[in-house]
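Sequences listed follow chains E and G, in order.
Note that the working numbering has the first sequence beginning at 1, numbered continuously upward.
Note that the working numbering has the second sequence beginning at 1, numbered continuously upward.
Honestly, the hints are just simulated from the structure, not real lab data.
A portion of the hints provided could be inaccurate.
Since the list gives no way to pick out one identical chain from another, each pair is judged satisfied if it fits inside one copy or across any two copies.
Unchecked claim - In the DSBU-like style, the derived pairs of lysine-lysine whose C-alpha atoms are separated by at most 30 Å in a straight line are:
| hint | residue 1 | residue 2 |
| --- | --- | --- |
| 1 | Lys71 | Lys89 |
| 2 | Lys71 | Lys90 |
| 3 | Lys55 | Lys27 |
| 4 | Lys90 | Lys55 |
| 5 | Lys27 | Lys90 |
| 6 | Lys55 | Lys71 |
| 7 | Lys27 | Lys89 |
| 8 | Lys27 | Lys61 |
There are 2 protein chains.
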Amino acid sequence: MLLAIDLQSETPIYTQIAQQIIEGIAKGELIPGEGLPSVRALAVDLGVNLHTVNKAYHLLKQDGYVQINRKQGVIIEPDAMPIADEQFKKNLLERLRPLIAEAIARGMEMNQFEELVGTSFNELLPNGR
Amino acid sequence: MLLAIDLQSETPIYTQIAQQIIEGIAKGELIPGEGLPSVRALAVDLGVNLHTVNKAYHLLKQDGYVQINRKQGVIIEPDAMPIADEQFKKNLLERLRPLIAEAIARGMEMNQFEELVGTSFNELLPNGR
Chain E
1 MLLAIDLQSE TPIYTQIAQQ IIEGIAKGEL IPGEGLPSVR ALAVDLGVNL
51 HTVNKAYHLL KQDGYVQINR KQGVIIEPDA MPIADEQFKK NLLERLRPLI
101 AEAIARGMEM NQFEELVGTS FNELLPNGR
Chain G
1 MLLAIDLQSE TPIYTQIAQQ IIEGIAKGEL IPGEGLPSVR ALAVDLGVNL
51 HTVNKAYHLL KQDGYVQINR KQGVIIEPDA MPIADEQFKK NLLERLRPLI
101 AEAIARGMEM NQFEELVGTS FNELLPNGR
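Isolated chain E (complex conformation) (with noise of 0.2 Å):
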């Protein structure tokens, strides 16, 4: 899996290898179980710091899609990837809303929203579920 990194983006070094990995999941690229590079590795492949690898690393720990061990490093969580349990979706919904007003504000209906939602979710899931 290659991750690719804007530097132009507002969006955070950190936020954007995180975001890589959590794509790669989806797309079932990345499975459970499966080692990640290591730190020093990731840093050196994509010319950036090592503190903006492990911060992305930390972050993806916290939210439990990886685990970080000793022995074998950064792993993609194995047993128990993290649901879509009421929390996360109170927190996407307050992700989505300013996109959703500013649709709106735009004069977008709802099914023009939904077919950008569409469009997305064929790109990451292109096999459908």
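For chain E, the structure is supplied; the task is to place chain G on it using the hints.
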């Protein structure tokens, strides 16, 4: 229209101010041509720095939601509210993508995600459109 700022949030205060003004437009609480409080008045009201409010207003101006002029101060764009053009939809897709990736990684189906979209649309547009 009351703005509620969350000082504990990870979202910068200027972003929160801009987002809530866009929400006000979406809900129809702020209408084209309507005046917003002066930078100073809003800063005092919210107990934040002048620069923070200034940054929010300039962000809104840059995106086309408000006009800033010497006589009337800051007003909601009276004539040509920004539209949901291809550029906006592309940007929206990019911002939706990490949310949808997380949802998929946590096992959500598209219809469950769309349910949240529907909830948010109903909160912002209680009478439909």
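Contradicted hints - numbers only: 1, 2
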